[in-house]
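Novice: Chains A and B, in that order, give the protein sequences.
As numbered in the working numbering, residues 5 to 107 make up the first sequence, in order.
As numbered in the working numbering, residues 12 to 550 make up the second sequence, in order.
If you're looking for bench data, these hints aren't it; they were derived computationally from the structure.
Hints may contain errors.
[As the list claims (entries may be wrong)] Footprint (simulated), chain B over chain A, 3 or more residues, beta carbon under 8 Å:
1. 20-32
2. 35-41
3. 63-76
Keep in mind it's a predicted model, so treat the numbers as computed, not measured.
From the three backbone atoms N, C-alpha and C, an ideal C-beta is built for every residue, glycine too.
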Amino acid sequence: MTLETRKPNGEIVTGSVRLIHSAGMHARPAVKLTKLAKKFQAQISIRAADANEWINAKSVSKIMALRAARDSIIEIEASGEDAAAAVAALIDLIAADFPDGGQ
Amino acid sequence: MRAEVARTGYRGKTASIGFAHGAFVRLGKAQIASRKPGTSKDEELALRSAIKSAGEEIAALASAVGGDAAQILEFQVALLEDDDFLEPVFAAITDGTPADAAWSLACDEQIANYKSAFDEYLQARSADLADLRDRVVRTLRGDKNEALKIPDGAIVCADDLPPSRFLEINWSQGGGLALLHGSPTSHVAMLARARGIPMVVQLGAVAEIAETALLDGESATLQLDPTAEQVGLFERRQEVHQKNRASARAILRRPAARWRGEKIKLLINIQRSEDLEHADAQYADGVGLMRTEFLLSDATGLPDEETQYLAYDAVLRWAGERPVTIRTFDAGGDKPVPGFTADHEANPFLGVRGLRLCLARPDVFSVQLRALARAATHGNLKVMFPMVTTPDELESGRKLLIAAIEALKAKGVPAALPELGIMVEVPAAALTVDRFNASFYSIGTNDLAQYVTASDRSNGALAKLIDPRNPAVLELIRRTADYGKQAGIGVSVCGDMAGDPTCIPALLDCGIRELSVNPSALGEIKQTIEKLGDGGVRE
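Full structure from sequences and hints, please.
Specialist: Okay, structure coming up:
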């Protein structure tokens, strides 16, 4: 996993992490991810690596539509006050395979 | 007896394709009345409150059941809190869609996405969404109205049906909808298409009582109390339809058709803008032929400029950046129009038809050219003249078009000169395409075959002779394609030949790389091209 902050123009924080969940990005992981994302003020976008479109990490329907499979690399990009914390928290959630009660 | 059977068959207009055979249920006026939508503000508030109470119900249910079931329910709650999902729903309500219809359509779209997934787990999510959809709809409706009791898989017949009543019916076991009035563009029609429920509208008058019915959404027919023979025929049609659709749909979603490494463009022929509602139309590379004769069938006389402009504009808007080829009025021949076409011609197919007629009637033609020039200011419009024989005719048409543009601009109305091309259907034109200053050629194989083989296409006795695969016809197609390739001018085929799988090998072999077919043939033709594959197997 990686985490990178570009300071100069407006705090864009990016990160990437491998999806290890056996069923890929399905309903339960998607719900956990959006719930966590919604705790932050930052604008957060994610995409499966190399996809063209970034999608809103706070939208469960969009995340389900990603259809990210097991072992795909998920890229995260956030901007806003708590962007760095948001990216770090989401990476932790995905890397730890969406543990129960961890939010 | 015979007369009675004949009276139980009805024809209307297709609103949603598909087939249904089931009990016949006729709804009376009292049963149709139901939830009346309020103003768009009322509808928005109604949906917000229904979503809120549905969310509370589900959350309560989740804490009661616990475990895996609770996690599934949490997904439903998350969806109710998903602004990206709800935003288009509220936008539709602001635009005047009733709350229940807007909500159901958004859910149905998601359901269709999940259903098309390869993954069984995602497919199963479609049931959760259907559950969520129905819960919110029930809340919206309240329990004041008594629910309709309709047997599973029934053919429901009514004068018209509001979305809320449609949503009360359990369509999970199939069924169909037959309306005496109604329209293919109504909200109910959209819901029926989203659920894959066959629906036929504008049936006129239908008998009140019958045991069973057959509804064929493809040919827009309703048959009451069918005979065993009618059922047999119907089932065979249904089977063919289902097989074709399943494989053709999958193929349409794949990237462009290729043959020997070359991209084959597949466009659609449309009679009117409503044809774009066909579910497969979205997969086309553009509109290869928009006929405009439907504008002439209005009982109120020849169409004014604004009516025409709106019709052309609707198609260009739909197409976005994709090309749209609109053919100017092709009246005459077998398409007489009172007040426009010449009466009493001894040989209408060899008479004043197509561009010949338009040039003879500049009063009518100029109105169409003005509407086209206005539409050309946005979108990728191409204008095509039919039945062109000599280059002079093309130039006369061009002069009228330029004059129309100048007249519009003088009045401060935005207008533009679209690309101008011709139909290649008269042998004299086919033999001399290099003499025409056209931006594109579109081969009309029906008329070309008729004129090359000297066989009236409306005369059934000559059906064998008028085969477009006649070597003389193919030779003219090949010469046109060769010239187009050499001069860098696009050549397409828009006649029935392009939509006939048995003709595709010959057309590709002649050098044709652009085909325009009816939306319903798009899948089958793409499949045919792919089957021919890189080997280019010929018959």
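Novice: Tell me, in ascending order, the numbers of any earlier hints that this structure violates.
Specialist: none
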